[in-house]
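From just these sequences and the hints, can you work out the full model?
Each protein sequence line maps, in turn, to chains D and W.
In terms of our numbering, the first sequence opens at residue -18 and continues consecutively.
In terms of our numbering, the second sequence opens at residue -18 and continues consecutively.
Please note that the accuracy of each hint is not assured.
You can't tell identical chains apart in this list, so a pair holds if it fits in one copy or across any two.
To be verified - Think about it this way: if two alpha-carbon atoms lie no more than 25 Å apart in a straight line, the pair counts; the simulated BS3-like pairs of lysine-lysine are: (1) 52 to 74; (2) 52 to 95; (3) 33 to 95; (4) 103 to 74.
To be clear, the hints were calculated from the coordinates, so they are not data collected in a lab.
Protein chains: 2
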Amino acid sequence: MIGRLNHVAIAVPDLDAAAEQYRGALGAVVGPAIDQPDHGVTVIFVELPNTKIEFLYPLGAESPIQNFLDKNPAGGIHHICYEVDDIIAARDKLVATGARVLGNGEPKIGAHNKPVLFLHPKDFQGCLIELEEV
Amino acid sequence: MIGRLNHVAIAVPDLDAAAEQYRGALGAVVGPAIDQPDHGVTVIFVELPNTKIEFLYPLGAESPIQNFLDKNPAGGIHHICYEVDDIIAARDKLVATGARVLGNGEPKIGAHNKPVLFLHPKDFQGCLIELEEV
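Written out as structure tokens, the structure reads:
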């Protein structure tokens, strides 16, 4: 059911510093900062040959990232995203096993303009998992 | 400098349950459990189309994973691994920027029988990063 690892998302306390370190010391291809006010984040994508790293930085007073950074001031891995072909079928299969979907259980349009869901970390080895329909 | 994301490593409190969930509910290709006594872990690899997920479970009394699981009983993402062509050159470039390498600073032979190093999470957005020479 799950396909590619679409990205690993890292919450960062300093977006410019993270971008500069990955561009410079780590020699990666780093994109521009993009504000996503609907999601309460500013993001930067690092393009690796096989997947992406997504830096997340809080945007606005209600950012879902702020609480994570308050608990993890140095930053940290926030979630990983698996691609699925059919997000409703994936959700229904997972819910049938007892796994919990965050929010109201319905897909939202994510940062890549595609339907996404988040799964409860306690049901998945302590990892916040995003499913993205591709 | 960094190339592919080789894997995302997840410390899990129950290796069989994690394997069964990924094989069943998530429909992924899950390999066998492999004891790695030199590293103090039992590992299982989940093969995604573009990268791998590595489940880590403590093996032996001195496992480097036990402390992580004590702090994170549900499990959690332990590290991410980037591939590099030349691990000595990568290390020297990173150390020159002030980044810290864990241990004695010399590569060890990792779980894939290739030279690896771990970088200090506080120098990399709170993420423990493994570099693996490929």
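Hint check:
| no. | hint | in the structure |
| --- | --- | --- |
| 1 | 52 to 74 | neither (32 Å within a copy, 31 Å between copies) |
| 2 | 52 to 95 | neither (29 Å within a copy, 35 Å between copies) |
| 3 | 33 to 95 | both (16 Å within a copy, 23 Å between copies) |
| 4 | 103 to 74 | within (17 Å within a copy, 38 Å between copies) |
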